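**Q** Chains as they are written, first to last, in this note's numbering: chain H, 1 to 445; chain X, 1 to 445; chain L, 1 to 160; chain Y, 1 to 160.
Derived from the structure by calculation, the hints contain no laboratory data. Don't take each hint at face value.
Here are the computed distance ranges between Cβ atoms for each label pair [claimed, not checked]:
#1 Ser25(H) with Lys194(X): 53 to 61 Å
#2 His218(H) with Gln3(X): 56 to 64 Å
#3 Glu128(Y) with Asp430(X): 56 to 64 Å
#4 Pro397(X) with Val126(H): 51 to 59 Å
#5 Asp81(Y) with Pro397(X): 55 to 63 Å
#6 Asp64(X) with Asp433(H): 42 to 50 Å
#7 Ser324(H) with Gly439(X): 38 to 46 Å
#8 Glu128(Y) with Gln186(H): 50 to 58 Å
#9 Pro102(Y) with Ala54(H): 37 to 45 Å
#10 Ala55(H) with Glu22(Y): 48 to 56 Å
Anything over 12 Å on all C-beta distances counts as not near chain L; from chain X, calculated [unchecked claim]:
#11 Ser59
#12 Lys381
#13 Phe445
Since this is a predicted model, take the numbers as computed values, not measurements. Every residue, glycine too, gets a C-beta built ideally from N, C-alpha and C.
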Amino acid sequence: MFQRILIANRGEIALRIIRACRELSVEVVCAFSEEDAGAAYLGLADRAICIGGAAPRDSYLKSDRVIAAAEVAGADAIHPGYGFLSENAAFADKCRECNIEFIGPSADSMRLLGDKAAARTLAKKVKVSIVPGSDGVLEGDNETIKVAQKIGFPVIIKATAGGGGRGMRVVHDKTDLLAAIKQAKQEADGAFEKSDVYIERYIDRPRHVEVQILADRHGNVVHLGERDCTLQRRYQKLLEESPSPAIDSRMRSDLCSSAVKLAKAAGYDNAGTVEFLVDAKKRFYFIEVNARIQVEHPVTELTTGIDLIKAQIRIAAGEKLEFSQKAVKPRGHVIECRINAEDPDENFRPCAGVIEKFRLPGGPGVRVDTHGYEGYRLSPKYDSLLAKVLVFQPTRPEAIRCMQRALGEFTIEPLKTTLPFLQRVLAHPDFVDGSIDTGFAERTF
Amino acid sequence: MFQRILIANRGEIALRIIRACRELSVEVVCAFSEEDAGAAYLGLADRAICIGGAAPRDSYLKSDRVIAAAEVAGADAIHPGYGFLSENAAFADKCRECNIEFIGPSADSMRLLGDKAAARTLAKKVKVSIVPGSDGVLEGDNETIKVAQKIGFPVIIKATAGGGGRGMRVVHDKTDLLAAIKQAKQEADGAFEKSDVYIERYIDRPRHVEVQILADRHGNVVHLGERDCTLQRRYQKLLEESPSPAIDSRMRSDLCSSAVKLAKAAGYDNAGTVEFLVDAKKRFYFIEVNARIQVEHPVTELTTGIDLIKAQIRIAAGEKLEFSQKAVKPRGHVIECRINAEDPDENFRPCAGVIEKFRLPGGPGVRVDTHGYEGYRLSPKYDSLLAKVLVFQPTRPEAIRCMQRALGEFTIEPLKTTLPFLQRVLAHPDFVDGSIDTGFAERTF
Amino acid sequence: MLPDIDKIRELVEMMITNDLVELSVRDGEQEIALRRSGPVSNDVVVGAVPQVVAPAVDGGGAGGNADGAESTVGGEVVPVDFVEIHSPMVGTFYTRPDPESPPFVHVGSQVGPSSVVCVLEAMKVFSEIKAEASGTIERVLVEDGEAVEYGQPLFLVRPA
Amino acid sequence: MLPDIDKIRELVEMMITNDLVELSVRDGEQEIALRRSGPVSNDVVVGAVPQVVAPAVDGGGAGGNADGAESTVGGEVVPVDFVEIHSPMVGTFYTRPDPESPPFVHVGSQVGPSSVVCVLEAMKVFSEIKAEASGTIERVLVEDGEAVEYGQPLFLVRPA
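Hey, can you work out the whole structure from these sequences and the hints?
**A** Right, dumping it as structure tokens:
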């Protein structure tokens with residue numbers, strides 16, 4: 001086991017990792033920016049080291065400073081959390097060159113899975129279904145029509161350089177295809193100065209379901225069940241739950257074994273998440289692997305009783321997984337709500353400032369992860385995630401009721417938060433039904 | 001199901017019951033004393049009704065006022081919590097006479113189990129071992145010696161009117177018996193103006209282990225496993241855990257089935273706890289039944305995933321237990337620490353006052369039940385229990401580590417609390433070993 | 001030597017407990033002066049509970065007679081020289097002994113300490129409530145048939 | 001003698017915790033007067049982190065040059081007219097380029113903006129740090145071989 005871990009992150013995930021280190025009796029050092037100086041979670045670390053200014057590029061993204069901090073602190077491992085440097089293969093390499101273990105997968109599997117085309121090829125190889133697509137840039141009208149017919153309409157045209165929905169265009173019929181391609185190319189050229197486009201089958205009203213996996217460095221890979229993250233707004237997850245209300249046990253088993261196959265094929269180790277879209281006909285399509293811990297990992301911790309951060313650390317220290325697939329027995333129903341300091345009535349505009357009143361929910365079936373407290377100044381420089389409230393109950397209806405009462409107890413003043421928005425979601429018949437899709441939140445509220 | 005429940009209690013257990021009612025969608029009214037006016041938990045109830053002055057005898061113990069409050073609020077049931085009126089059979093009767101359900105067992109079984117001699121007789125009848133004793137007042141020297149020899153030395157002499165250790169006397173040998181009886185009678189006469197004494201086998205360095213049971217009004221009785229409450233100070237429990245580190249699975253099964261037998265024989269319904277002493281040779285002896293919910297009930301909620309307060313309410317509403325004995329599957333290891341506002345360095349003197357800083361522990365495996373918050377004024381008029389911190393982890397060593405880090409995160413200022421004392425306990429080799437007895441805390445700290 | 005920190009802490013606590021905004025203490029050479037921002041009450045007022053009358057600033061005992069300061073009933077300012085009759089129990093308030101009888105008192109009635117002013121019913125038992133004060137009924141604060149809690153003001157009396 | 005910094009720190013904390021806006025304490029010659037603007041942040045100073053220089057009362061930017069107010073280093077009061085040289089990175093502080101050479105500077109050395117005052121080592125790379133100010137080295141704030149964090153004061157310079 002490591003003697004001392006440096007945390008290259010901030011806020012709730014830094015606190016989460018501090019807690020895991022404490023429980024493992026590993027010393028913990030937290031890197032922080034000037035903006036985060038004085039935050040209470042830093043006081044729970046054995047040491048905290050200022051690595052730069054408020055802007056992430058001056059501190060949390062500055063890999064040299066992070067490694068230097070680990071060196072001066074005598075840390076033998078770095079936990080990157082999520083975001084920032086967590087999926088940076090070059091950073092992982094650099095850590096290991098400096099004899100500091102990077103708590104995450106090998107840089108090679110990070111690179112492999114970070115390359116969308118390579119990941120698709122890998123999925124095909126192990127017979128995991130992917131969203132049918134052109135697998136590259138389209139050349140010539142004839143090929144385009146042929147590929148589209150093979151994929152099947154409706155298709156979506158995407159710019160290779162794209163992002164944020166720009167250049168995207170849904171085509172329902174062959175007759176509209178070529179004109180749409182032309183327009184998409186023009187739009188892509190205007191937006192990204194690169195007109196290359198490709199096409200994929202358009203998955204209408206999908207659900208987002210992901211599988212948590214854990215893999216050690218001795219070839220053992222297990223899945224820990226799925227999380228349903230369908231409730232999103234502009235690709236930001238707002239609420240996650242497990243089990244998914246939309247899939248049955250046969251499909252769950254298919255999804256989970258697909259995830260394990262992919263991880264094995266990629267030579268993956270440590271914690272990772274394999275993301276899928278599920279269409280209205282309950283077909284699922286692999287999208288990508290998140291090669292790091294995720295914000296919503298506590299959902300799985302509560303269904304399985306397995307501490308994922310401790311598992312990450314143990315795996316990186318070379319230990320074998322302590323349990324077999326058979327020993328993983330998810331139980332009950334878990335929901336996580338993300339409490340962001342954002343004003344739902346003002347298009348989710350982030351709200352920074354000092355928290356004057358902060359009363360946490362508690363009692364049975366409730367877990368709260370937060371770095372907030374009365375007097376904490378929430379910085380506008382970083383993510384607006386202030387707290388994660390989780391509930392675990394025997395059944396989904398009970399979990400919904402428990403979450404309603406927990407959110408009802410949560411007092412945060414004077415900042416605006418997503419609390420009232422989440423209450424509206426929990427009370428919505430479509431959510432209660434389990435019949436929502438990824439567009440639900442944007443269409444409905 | 002009830003439409004509206006009145007809570008005849010205060011503080012953390014009132015909040016606990018409010019939470020259960022919220023999750024059951026039952027309206028909830030909280031009775032309170034003038035001293036508790038303004039406490040935040042009252043704001044989480046649908047309504048709060050002042051029933052009298054600060055002194056319990058003027059409010060929480062005033063059964064007429066409690067029932068009148070239930071009447072004016074239109075409540076169809078009363079939850080008594082623990083303490084106060086919870087084990088008052090006359091109060092239970094009076095509630096039911098007023099067509100208000102008392103959430104607890106029948107008054108008859110409360111009376112039966114409240115009578116020590118009757119409870120012992122019942123235990124004998126169903127062949128549950130009890131501490132061997134004289135079963136009544138000793139008459140004459142010959143009988144005394146005969147009884148003592150039958151019980152087996154060492155024996156303990158107790159005053160029938162006794163309490164708080166006064167008049168108690170341990171005798172290790174026959175030759176000392178009669179002189180000791182004489183002295184004990186004199187002491188009892190002086191202390192209680194009643195010289196009657198009885199003898200029992202002296203259980204040296206016992207553990208305190210109790211079994212949680214749930215019984216509905218349709219004859220179904222299940223146990224939910226045991227709790228080990230050996231860590232005590234002057235008969236006050238300070239830390240509870242489950243499973244007990246001192247018993248094996250065969251003994252667990254004996255203990256639990258004894259508890260179920262007793263509950264069935266007593267015609268018991270609702271939640272109850274059957275308490276046992278376990279001696280160094282792992283023999284167990286029934287002591288008494290607590291015919292109410294207990295402070296430490298969350299320990300069992302976390303091992304079993306069953307909400308005991310909701311179960312109490314459902315049972316009182318006439319519902320059948322939702323699960324069979326086979327479906328109760330305790331998992332992992334749970335520890336509860338009671339955070340009392342007491343100064344461990346000043347002989348656990350209660351500390352009242354305003355809480356200026358209050359930061360709760362959180363994250364994985366942690367549950368907190370507390371009615372406290374920044375600005376709360378802890379009254380000297382009531383119990384000093386301020387919070388219960390619970391941890392659930394796969395194993396006992398992990399649970400101990402998790403509790404250490406959770407207590408380390410808990411900041412309460414400026415009141416003195418049992419936090420540092422509990423940290424000393426958790427770090428003590430005898431506690432870690434699981435080799436303590438009920439006298440450990442007083443002997444060691 | 002400067003005053004002891006603990007002494008200052010105690011003073012600050014006193015300010016908060018009693019909702020003071022300024023405090024200054026002097027003794028010869030020694031002086032302590034403290035000021036807090038606005039009316040920051042740390043106590044939460046429970047919406048569901050009828051407000052117990054309490055002097056606005058000096059925080060005397062709840063339900064005490066309103067003397068020496070203005071106090072509020074239902075948000076209105078009450079002059080200092082009235083006396084309140086409080087409910088000594090939880091129950092239902094009735095102005096008259098039975099539906100056929102006239103009310104025990106009405107606004108303007110003269111009462112003495114042993115005058116019955118209303119009955120309260122709890123658990124089917126009716127209790128007569130006495131004025132415990134002398135004067136003129138100035139206002140009836142509760143509707144006939146309304147539920148009242150312990151300590152709730154029932155009548156306002158202008159002392160004789 | 002000036003009042004103890006720790007005592008002032010305690011008073012400031014008390015103000016923040018209790019939302020005081022003014023506090024003054026006097027005893028004969030000694031006096032502490034503190035005033036806060038409105039509802040301010042309750043930020044806690046982390047004990048594990050070397051204290052960044054900050055003016056005692058008005059809470060200006062951490063790590064800025066000490067100007068316009070007194071600031072404290074290691075509990076002592078520093079007159080306003082010194083300038084600090086801060087570490088621009090995380091690393092190990094060395095006063096000399098190699099063990100055989102003399103230190104770049106010592107107390108009393110004259111420095112200009114481009115004078116090298118020390119080297120910092122991080123990831124086996126040694127970086128020369130320049131004074132960025134003109135004047136006389138008044139104090140060396142870090143021991144040779146000590147780890148420093150970003151923004152940590154390394155030298156105190158009396159401006160020319």
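**Q** For every hint, state whether the structure bears it out.
**A** Going through the hints against the structure:
no.: 1; hint: Ser25(H) with Lys194(X): 53 to 61 Å; in the structure: holds (56 Å)
no.: 2; hint: His218(H) with Gln3(X): 56 to 64 Å; in the structure: holds (58 Å)
no.: 3; hint: Glu128(Y) with Asp430(X): 56 to 64 Å; in the structure: holds (58 Å)
no.: 4; hint: Pro397(X) with Val126(H): 51 to 59 Å; in the structure: violated (39 Å)
no.: 5; hint: Asp81(Y) with Pro397(X): 55 to 63 Å; in the structure: holds (58 Å)
no.: 6; hint: Asp64(X) with Asp433(H): 42 to 50 Å; in the structure: holds (48 Å)
no.: 7; hint: Ser324(H) with Gly439(X): 38 to 46 Å; in the structure: holds (43 Å)
no.: 8; hint: Glu128(Y) with Gln186(H): 50 to 58 Å; in the structure: holds (53 Å)
no.: 9; hint: Pro102(Y) with Ala54(H): 37 to 45 Å; in the structure: holds (38 Å)
no.: 10; hint: Ala55(H) with Glu22(Y): 48 to 56 Å; in the structure: violated (36 Å)
no.: 11; hint: Ser59; in the structure: violated (8 Å)
no.: 12; hint: Lys381; in the structure: holds (14 Å)
no.: 13; hint: Phe445; in the structure: holds (27 Å)
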